[in-house]
Amino acid sequence: MTAPAASPPTRSTAPLVISVKDLQVHFKVKTGVVHAVDGVSFDVRDGETLGLVGETGCGKTVTARSFLRLVKTPPGIYAGGRIDFWSGDARRSGAGPVDLLRVPDREMLAIRGDRIAMIFQDPAKALNPSMSIGDQVAEVLYQHRSDDLVDDQPEHVPRMLRRASRQLTTGPERLALRLPPWRKRASRLRRRGDELVAAALAETQIANPRKIMDRYPHELSGGMKQRVMIAQALACNPDLLIADEPTTALDVTVQARILELIADLQRRHGTSVLYISHDLSLVRQMCDRVAVMYAGRIVETGNTRTVFSDPLHPYTRGLMAAVPSASQKRGELLAIEGNVPELIDPPASCRFHTRCGFAVALCEQADPELLEIRHGHGVACLAYASAGKLGVPNAALPLVDGSTR
Amino acid sequence: MTTLSPETAGNAGSVAGSPVMTLRGVEKHFPIKEGALQRVVGQVRAVDSVSFDIRRGETLGLVGESGCGKTTLGRCVSGLTEPTAGGIYFRLSDEDRTTLDGVLAVAEEDRSPEQKQLLTRIDHGHRLDLLDASARRIYRRNCQVVFQDAFSSLNPRHLVKDIVGRPLRVYKEASGSDLTERVVSLLESVGMGRQHLYRYPHQFSGGQRQRISIARALALDPDFIVLDEPTSALDVSVQAQILNLLHDLQQQRGLTYLFISHDLGVVRLMSDRIAVMYLGRLVEHGTAEELFETPRHPYTQALLAANPDLSADPDVEMKGLEGTVPDPANPPQGCRFHTRCPVAVALCGWEVDDAVSWLSESATFPDTLTDVERRSDFDATLVFADEASARSVAATLSGPAVPTAMAAALETVSVEDRKVVIRFTSVDEVALEDLGLGHLTSCILYTVRK
Chain A
2 MTAPAASPPT RSTAPLVISV KDLQVHFKVK TGVVHAVDGV SFDVRDGETL
52 GLVGETGCGK TVTARSFLRL VKTPPGIYAG GRIDFWSGDA RRSGAGPVDL
102 LRVPDREMLA IRGDRIAMIF QDPAKALNPS MSIGDQVAEV LYQHRSDDLV
152 DDQPEHVPRM LRRASRQLTT GPERLALRLP PWRKRASRLR RRGDELVAAA
202 LAETQIANPR KIMDRYPHEL SGGMKQRVMI AQALACNPDL LIADEPTTAL
252 DVTVQARILE LIADLQRRHG TSVLYISHDL SLVRQMCDRV AVMYAGRIVE
302 TGNTRTVFSD PLHPYTRGLM AAVPSASQKR GELLAIEGNV PELIDPPASC
352 RFHTRCGFAV ALCEQADPEL LEIRHGHGVA CLAYASAGKL GVPNAALPLV
402 DGSTR
Chain B
19 MTTLSPETAG NAGSVAGSPV MTLRGVEKHF PIKEGALQRV VGQVRAVDSV
69 SFDIRRGETL GLVGESGCGK TTLGRCVSGL TEPTAGGIYF RLSDEDRTTL
119 DGVLAVAEED RSPEQKQLLT RIDHGHRLDL LDASARRIYR RNCQVVFQDA
169 FSSLNPRHLV KDIVGRPLRV YKEASGSDLT ERVVSLLESV GMGRQHLYRY
219 PHQFSGGQRQ RISIARALAL DPDFIVLDEP TSALDVSVQA QILNLLHDLQ
269 QQRGLTYLFI SHDLGVVRLM SDRIAVMYLG RLVEHGTAEE LFETPRHPYT
319 QALLAANPDL SADPDVEMKG LEGTVPDPAN PPQGCRFHTR CPVAVALCGW
369 EVDDAVSWLS ESATFPDTLT DVERRSDFDA TLVFADEASA RSVAATLSGP
419 AVPTAMAAAL ETVSVEDRKV VIRFTSVDEV ALEDLGLGHL TSCILYTVRK
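Top to bottom, those sequences are chains A and B.
Note that the numbering used here has the first sequence beginning at 2, numbered continuously upward.
Note that the numbering used here has the second sequence beginning at 19, numbered continuously upward.
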């Protein structure tokens with residue numbers, strides 16, 4: 002067993018951006034309550050990329066969506082826990098965090114898209130087919146950056162123009178803005194908007210942003226659409242970017258370019274990224290730290306290098322062994338047998354015990370906590386738990402190869 | 019046309035067994051219709067002159083990005099659509115295959131009456147679209163398909179027993195309690211059981227649904243199964259189960275697979291030989307080992323470089339490709355990959371469309387282009403609204419900003435008042451070349467070296 006790779010010290014001491022504590026998101030269905038996210042805790046620090054990895058239905062997307070309160074209630078229920086968020090301003094001024102689950106709607110509007118932005122999985126569905134690309138990217142600027150739109154206006158900015166920069170004008174005002182003496186200043190406002198949109202698009206290495214601005218989503222390829230989404234998300238220079246499977250709908254050759262772009266933009270802007278994916282190899286490429294989710298819980302978390310070179314949890318090991326690689330022989334892939342369990346009113350047991358090769362009787366009765374085994378490397382498995390604390394003899398614990406007891 | 023010489027055709031790798039399916043110059047073009055009269059204005063060339071053999075007991079992997087025609091080819095092979103040109107032959111003996119290649123190597127008008135007779139005999143005995151009713155029945159039951167999305171390929175209103183038992187009923191193989199028993203044994207062979215007989219597809223998880231699809235495909239004990247992205251909708255842990263199952267079934271029943279996928283890792287694991295497609299054409303074809311160890315075509319190399327691999331060194335960055343896949347209705351000349359190829363040279367087939375699209379990408383391109391008068395794909399006149407823009411475009415084209423390979427292929431750029439005449443070296447389509455050991459590739463780099 003190798004010693005944990007020395008993690009860059011700056012990472013662990015960097016200020017927190019997000020701290021999720023015991024997050025629980027449930028869904029009410031006819032047959033009971035689905036515990037989609039059930040006690041998830043993790044931190045994202047300034048400038049780092051955290052990978053959230055797991056299979057379909059393990060709760061990764063619900064976790065991310067609850068950051069922006071995008072889970073529909075009902076049927077969703079924010080059943081407990083908190084998501085503390087420190088915006089860049091709050092960190093600089095030394096102010097405390099806000100709890101994203103409890104901030105008033107008005108404040109949430111100011112955070113959504115501005116301080117925390119999200120890139121969705123399917124760019125074809127996330128873009129509005131009836132709006133030009135330019136208008137869609139401009140929306141986020143009108144919402145959050147209205148002051149930038151009027152900053153090149155000469156002298157005092159009249160109220161009507163300010164209202165126009167926020168798209169709050171009424172019908173008569175819009176008419177007045179088309180006529181002299183307002184016309185000139187209104188068109189100047191539009192030009193400034195176009196400039197900012199073009200700059201945001203150029204950031205994502207779109208050739209000829211001005212030409213793209215007049216196009217509609219159906220005229221663009223999948224990779225282009227994803228670039229537009231990234232431009233939209235990064236237009237306000239957010240503190241946290243949530244990338245929810247940003248390349249699942251794309252071909253590998255395009256995927257590599259998009260990931261390069263996200264990594265590059267992150268380096269330049271110092272944005273923290275929560276990267277969600279089911280693809281282990283991409284997470285390994287993209288992320289500083291990784292959290293492995295299974296059935297609504299985090300089962301393992303740690304430095305990417307450590308987790309991938311020395312996975313502790315049987316699920317993480319199973320997942321890695323199931324990925325086809327050059328060294329494997331045909332028909333000898335190590336599959337994880339069975340399926341993800343139903344999450345309707347789950348019993349207090351290890352969620353993985355039904356599929357785990359190391360499971361013992363205790364796994365059905367005790368619910369493992371996420372314990373830090375070594376520096377920054379946590380795992381939720383009874384094989385690594387202390388028998389004394391659980392009040393059982395040592396022999397009752399499962400034995401996973403290499404578990405140190 | 020990519021005609022293969024009889025010696026090289028499809029014997030990449032030396033897997034035993036005679037060919038189950040033989041493809042020669044298969045083309046599938048879809049008409050583009052427009053207007054009230056639905057006039058045909060163009061053709062989407064989904065599959066273009068593809069030739070290979072699938073031999074008994076082997077797995078042929080077919081890889082490529084979305085839109086490259088791999089699914090269309092799979093549908094042609096499984097008889098779900100008819101190719102617009104070329105032939106797909108079923109159970110051709112080795113002898114007949116050699117004869118067929120010999121005849122096809124001769125141009126149609128030069129064929130002797132005996133050759134024509136031979137061709138007619140082979141065509142009527144083996145070619146899918148010319149089979150008689152009884153031969154077609156034999157083909158149909160021996161060729162089955164497993165689709166990507168098991169949810170939409172299983173009828174939601176039918177019970178598992180009916181879905182899996184349907185082929186047996188259609189071919190009057192079994193009925194009553196005999197049928198039930200056959201279905202149970204089929205379900206058992208895919209790791210399911212009697213308890214699943216009277217359930218509907220929605221009651222199963224994705225992996226189980228895919229197992230039901232496989233059981234249905236196995237019902238008539240076929241020789242050959244087309245697997246069209248069978249695991250791409252599944253999670254890795256379940257994918258591994260299905261891949262292991264497919265392998266076990268192949269071992270037990272001596273099945274032949276055409277395995278279509280965009281996942282290189284999966285294809286590498288499952289296939290004996292691999293064919294790489296780009297924009298309707300085969301660009302490389304060889305044994306799985308050869309192709310992954312020494313990929314020859316730049317497209318295959320790019321695919322491998324972009325493919326995330328868990329066993330690779332984590333510090334090696336993935337590399338993507340510039341640009342997008344060109345429009346298959348108007349595929350590039352020469353090598354179809356040259357517009358995105360990182361190592362393209364002058365002879366790769368640069369043409370007028372490349373120049374126009376390159377120009378319109380640049381920020382300085384004037385909006386005054388009124389017409390493109392083509393004399394051929396390589397020779398055209400760009401007409402502008404005013405003289406100044408014609409001059410500036412001509413200057414750009416002869417300037418240093420033009421990609422080197424394109425500049426080298428550009429023979430003439432001349433200005434006549436509002437017109438710019440551009441002419442490129444004309445180039446033929448690149449044919450598949452045999453590099454030895456049955457490793458075929460269609461790249462000018464290897465042709466030149468020869």
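These are computed hints drawn from the structure, not numbers from a lab.
Quick reminder that beta carbons are idealized off the backbone N, C-alpha and C, glycines included.
Take the hints with a grain of salt, since some may be wrong.
What the hints assert, rightly or not - Listed next, with one range per pair, are the computed distances between beta-carbon atoms:
{"no.": "1", "chain 1": "B", "residue 1": "E405", "chain 2": "A", "residue 2": "E261", "range": "27 to 33 Å"}
{"no.": "2", "chain 1": "B", "residue 1": "R129", "chain 2": "A", "residue 2": "A264", "range": "32 to 38 Å"}
{"no.": "3", "chain 1": "A", "residue 1": "Y143", "chain 2": "B", "residue 2": "P360", "range": "52 to 58 Å"}
{"no.": "4", "chain 1": "B", "residue 1": "P174", "chain 2": "A", "residue 2": "E338", "range": "22 to 28 Å"}
{"no.": "5", "chain 1": "A", "residue 1": "E261", "chain 2": "B", "residue 2": "A419", "range": "22 to 28 Å"}
{"no.": "6", "chain 1": "B", "residue 1": "V59", "chain 2": "A", "residue 2": "K185", "range": "44 to 50 Å"}
{"no.": "7", "chain 1": "B", "residue 1": "E335", "chain 2": "A", "residue 2": "E338", "range": "47 to 53 Å"}
{"no.": "8", "chain 1": "A", "residue 1": "M109", "chain 2": "B", "residue 2": "E335", "range": "34 to 40 Å"}
{"no.": "9", "chain 1": "A", "residue 1": "P130", "chain 2": "B", "residue 2": "K134", "range": "30 to 36 Å"}
Using the Cβ atoms, figure out if E405 (chain B) sits within 27 to 33 Å of E261 (chain A). 42 Å, violated
Range agreement (Cβ of K134 (chain B) with Cβ of P130 (chain A), hint 30 to 36 Å): Given about 54 Å between the Cβ atoms, the range is violated.
Range agreement (Cβ of K185 (chain A) with Cβ of V59 (chain B), hint 44 to 50 Å): Given a distance of about 46 Å, which is inside 44 to 50 Å, the answer is holds.
Evaluate the given range 34 to 40 Å for the C-beta pair formed by M109 (chain A) and E335 (chain B). 37 Å Cβ-Cβ, so the 34 to 40 Å window holds.
Falls inside 22 to 28 Å, the C-beta gap from P174 (chain B) to E338 (chain A)? Given a distance of about 27 Å, which is inside 22 to 28 Å, the answer is holds.
Would you say the C-beta atoms of E261 (chain A) and A419 (chain B) sit inside 22 to 28 Å of each other? 24 Å, holds
When you take the CB atoms of R129 (chain B) and A264 (chain A), is the distance between them in 32 to 38 Å? 59 Å, violated
Is the hinted range of 52 to 58 Å satisfied by the C-beta distance from Y143 (chain A) to P360 (chain B)? 41 Å, violated
Does the Cβ pair E335 (chain B), E338 (chain A) satisfy 47 to 53 Å? The hinted range 47 to 53 Å is violated for E335 (chain B) and E338 (chain A), with Cβ atoms some 35 Å apart.
Checked against the numbered hints given earlier, this structure breaks hints 1, 2, 3, 7, 9; the rest are met.
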